[in-house]
Amino acid sequence: MSTDTQPSPADQQRSRVARRQKTPKPQDRVQPPRQRRPALAALAVALIVGGALVAGLLAVRLDSREPVLAAARDIDAGSVITEDDLVEVQVASEGLQLIPAELADQILDGDTYARVPIRQGSLLDQNILTDTEPLADGRAVVSVPLNAALTPVGELRSGDLVSVVRISGGDDKLPLATLTEGLVLSVSSGVSDDLGESTAGSLSLLIPSEAALVVVDAAGTNRAGIALLRHNATPEDPLEPGDTDPPGASSSGDSDAEAP
5 MSTDTQPSPA
15 DQQRSRVARR
25 QKTPKPQDRV
35 QPPRQRRPAL
45 AALAVALIVG
55 GALVAGLLAV
65 RLDSREPVLA
75 AARDIDAGSV
85 ITEDDLVEVQ
95 VASEGLQLIP
105 AELADQILDG
115 DTYARVPIRQ
125 GSLLDQNILT
135 DTEPLADGRA
145 VVSVPLNAAL
155 TPVGELRSGD
165 LVSVVRISGG
175 DDKLPLATLT
185 EGLVLSVSSG
195 VSDDLGESTA
205 GSLSLLIPSE
215 AALVVVDAAG
225 TNRAGIALLR
235 HNATPEDPLE
245 PGDTDPPGAS
255 SSGDSDAEAP
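Quick note on this note's numbering: the sequence shown kicks off at 5 and runs consecutively.
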């Protein structure tokens with residue numbers, strides 16, 4: 005006798021229900037990624053193009069740099085410019101009055117002076133150089149020792165306008181007097197040797213030549229005081245002399261007096 009293996013109608017119905025439950029619903033299916041919005045894509049393109057333009061402009065700017073002259077070291081006011089003072093650097097000099105490196109020979113061939121103190125690395129332009137010699141027109145350069153009691157040592161630097169004052173006292177009984185105005189050309193600091201001995205520094209001053217005698221005398225007797233008037237003067241500024249009568253000079257009345 006044969007056995008019927010076909011499922012019953014009830015089993016077939018249960019199988020169909022089970023298959024429907026295993027089939028994912030449309031809302032449960034993984035949705036494909038949405039396409040990017042056109043506005044964001046356009047912004048990305050603009051940023052890329054803008055970055056390329058900026059890089060191109062920077063490259064052009066670097067290519068436009070020119071060789072100009074700069075100070076290879078500190079240069080005191082009134083100093084003549086030498087080859088050791090100059091160095092060539094590359095800068096974008098558009099719109100500036102910088103001195104091209106190709107004009108270095110013209111500066112060195114003729115006497116060119118620093119109008120103001122020039123610090124190392126400063127770019128040279130036409131406003132800080134001059135062809136006027138500081139010693140011209142009746143001027144002289146003298147040295148005055150630095151004395152902490154008579155000079156503002158820490159305040160003085162090249163390019164300062166100062167007043168030289170004779171301190172009263174001593175056997176000659178010379179009175180207190182303003183000797184002259186002067187321009188500080190350079191300041192040299194004191195040095196100490198291996199034995200502990202120290203030497204005072206000094207000032208190099210540009211003064212009217214008529215005051216040279218009294219200033220040197222006061223400096224030699226340690227009676228030259230310095231008063232700082234202002235910073236940033238130039239060798240072209242006028243310097244007013246003061247009491248320029250030499251020490252021990254007799255008045256006209258004394259010279260005419262009758263001998264006993």
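To be clear, the hints were calculated from the coordinates, so they are not data collected in a lab. It cannot be assumed that every hint is accurate.
[To be verified] Quick list of simulated restraints, FRET-style, between CB atoms:
(1) Asp88 / Arg234: 26 to 32 Å
(2) Pro156 / Gly114: 17 to 23 Å
(3) Thr182 / Gln130: 17 to 23 Å
(4) Asn131 / Ser192: 24 to 30 Å
Even for Gly, the Cβ is constructed at its ideal location relative to N, Cα and C.
Outcome of the hint check:
1. Between Asp88 and Arg234, the C-beta spacing of about 30 Å keeps the proposed range 26 to 32 Å intact.
2. Here the CB-CB span from Pro156 to Gly114 is close to 36 Å, at odds with the stated 17 to 23 Å.
3. In this structure the hint that Thr182 and Gln130 lie 17 to 23 Å apart at CB is violated, the actual value being about 35 Å.
4. The hinted window of 24 to 30 Å between Asn131 and Ser192 holds, with their beta carbons roughly 27 Å apart.
In summary, the structure is inconsistent with hints 2 and 3 from the numbered list given earlier, while agreeing with the others.
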